[in-house]
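Given the coordinates of chain D, work out where chain C should sit on it, guided by the hints.
Number of protein chains: 2
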Amino acid sequence: MSADVSAREARVLNIIETARSKRPRFRDERVTMAHGAGGKATGALIEGLLLPAFGSAVLDELGDAGTLTVGGAALALTTDGFVVTPIRFPGGSIGELAVNGTVNDLAVAGARPVALTLSLVLEEGLPADALRAEVDAIAGAARRAGVAIVAGDTKVVERGHADMMYITTTGVGRVDPRARLAPSALRPGDRLLVSGPVGAHGTAIMLARGEFELDATIVSDTRSLWPAADALMEHAGPGLRCLRDATRGGVASVLNELARASGVAMLVREAAVPVDDAVAGAAELLGIDPMHVANEGVLVAAVAPERADAALAALRAAGDGGTAGPFARAAEIGEVHSDPAGMVLVETGFGGRRVLDQLVGDPLPRIC
Amino acid sequence: MSADVSAREARVLNIIETARSKRPRFRDERVTMAHGAGGKATGALIEGLLLPAFGSAVLDELGDAGTLTVGGAALALTTDGFVVTPIRFPGGSIGELAVNGTVNDLAVAGARPVALTLSLVLEEGLPADALRAEVDAIAGAARRAGVAIVAGDTKVVERGHADMMYITTTGVGRVDPRARLAPSALRPGDRLLVSGPVGAHGTAIMLARGEFELDATIVSDTRSLWPAADALMEHAGPGLRCLRDATRGGVASVLNELARASGVAMLVREAAVPVDDAVAGAAELLGIDPMHVANEGVLVAAVAPERADAALAALRAAGDGGTAGPFARAAEIGEVHSDPAGMVLVETGFGGRRVLDQLVGDPLPRIC
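Chains D and C are the protein sequences, given in the same order.
Quick note: the first sequence uses the working numbering, first residue 64, plus one each step.
Quick note: the second sequence uses the working numbering, first residue 64, plus one each step.
Okay, chain D solo, but in the shape it has when bound (with noise of 0.2 angstroms):
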């Protein structure tokens, strides 16, 4: 087990050079919000103290999911733990989020998504309608996805011990027999594609709050990306490179961990990347850049040149399909280069380039 752990470790420290980038140390005294927030912060906690304590080689490839060969069959496991704040907001709950987040994290590893297992922290004195509204949306959200509810469990902390209800799900997926994706597997000249608009999510929830005077509606974006991963493995084949969720973070950090993990560099085309003017509007207001806005139904792919085309064609028919279908509004916002390895790059409106870095505050607590 010690030599196998040492060949992984070697492997992981390789990569890991190759994005001329040193893994993170855990040196905080105390736990922060912004070990909470998908950002540098949350990536020293993960990559400095858990993987290292948990010495496990699926964990140290830092998927969406972790795979594993049970009794002959290619699985894949995620986890998620949602805190939301407000639990309702324009467009979903967390309930909804719950499901849809879950689901999300196997259909980026390529995994048809099967079951989930839902553990609830409840707060004494949650009022039952509320919990009520929850279980008939995790309920809705389960049947819509395709998934089926096959374990459960729920505990009660004192009032104040919790914010109404914290939900775990856990995932169950059939690895696709199509599916040939790795953090590590772009090259340059790789072009990289959104599923939709993005921002959406982080914003509603941001409004949802109330601490903004801003009269926008904006809507989350929480949906099911089986669809989309589904159609895109069926029409890209292997020249789908890999597949994330653009969430905590949003698709800034998403393009970050990406560029390190196949030490390539990015460039995005500002001009190019989806965003609906409520939500630029908004984030323009609270001093934001959407691309670091949490999105719960938003996919970044990365895809072969020559088969480029075909994905995009195939992303924005996937689901209802039409013109109002999901992924309509899905874009190519730009490719990988061999130079700087290890950064994004986003060219301007006016030709200019700038660095697109990882978060490192906290400026979205809670946002799922």
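In short, the hints are calculated from the structure, not lab data.
No experiment lies behind these values; they were computed from the predicted model shown.
DEER-style ranges, computed between Cβ atoms:
#1 D:276 / C:134: 48 to 56 angstroms
#2 C:153 / D:149: 38 to 46 angstroms
#3 C:195 / D:188: 32 to 40 angstroms
A few chain C positions that, by computed beta-carbon distances, are all more than 12 angstroms from chain D:
#4 298
#5 337
#6 344
#7 402
Covered by chain D, according to a simulated footprint, are these stretches of chain C (three or more residues, beta-carbon under 8 angstroms):
#8 101–110
#9 127–139
#10 175–187
#11 224–237
Don't be surprised by glycine CBs; every beta carbon is placed ideally from N, CA and C.
Just chain C now, kept in the frame of chain D:
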């Protein structure tokens, strides 16, 4: 699908009818601590609200784990949230509990534990050393139980919106081909075994809270039950009817659930139930029956009479074995009868009999 659901519901209703009991309803206006205590209120929440909404045949069986077939492999899946306070206590901690609790749900479902996922909800301000200690506890317990941690997630909530940390683990196991276990399989004449002294975990937690002026040192029984389940499947063969992990609500809740599911009665000889002197003393002072106290490393087994002696001997020798082994004090505590169906009776030391019901209120919140 609706025909399916009706058939399932009919089957479930039939089982419940047989047990002379009705499916409980969820009528409360608010969530209370009792809904998390594993007794009647928890039953009403699960059977009255969650099961009807999710309409899953797997869930309806109310086993410790759900089973499903993926890609030809028979899997067991289980999930558990851990909210114990304090997070460290004599004999264990929340991290160790989170691994063993989920491993045990798989073991008593007759499934060999293979992999776990880990979801952390951390309170802002949690000392890094406390987090490190639990990460190490999780890694150690997983190593001892022989399971890999294959996926994880971390969320942070603001100070005061959690109580240091909550952990949800989800386990995947491979259904053991030797297992033919079902809560409805008990027959009159079957013998009831417990794998060790009861009531230690819940009592240890209560004393660790310092709410009672008791000087006893009582150590939690948290441990993996897989060696016990493995030994029972090997030596009782098809004579092993059912296994249950006696967590929230204690041995009393497990026996009541099995009596109801099988439509049988149980007779337990109080004098035969192993209880440590310190636990018995503390329970008496606190006015609690050790049979209602949670365990985190005690299983209840129902075994056909002709295999009972072999099963008990195998159980006592399981794990490290010998007189100091973790299951050395396993005992036969009673047997299954036909009347009064659905009820559990205790024969006291004085020869009298009383009904041993499930917990109704919540004397022991947040013990796991």
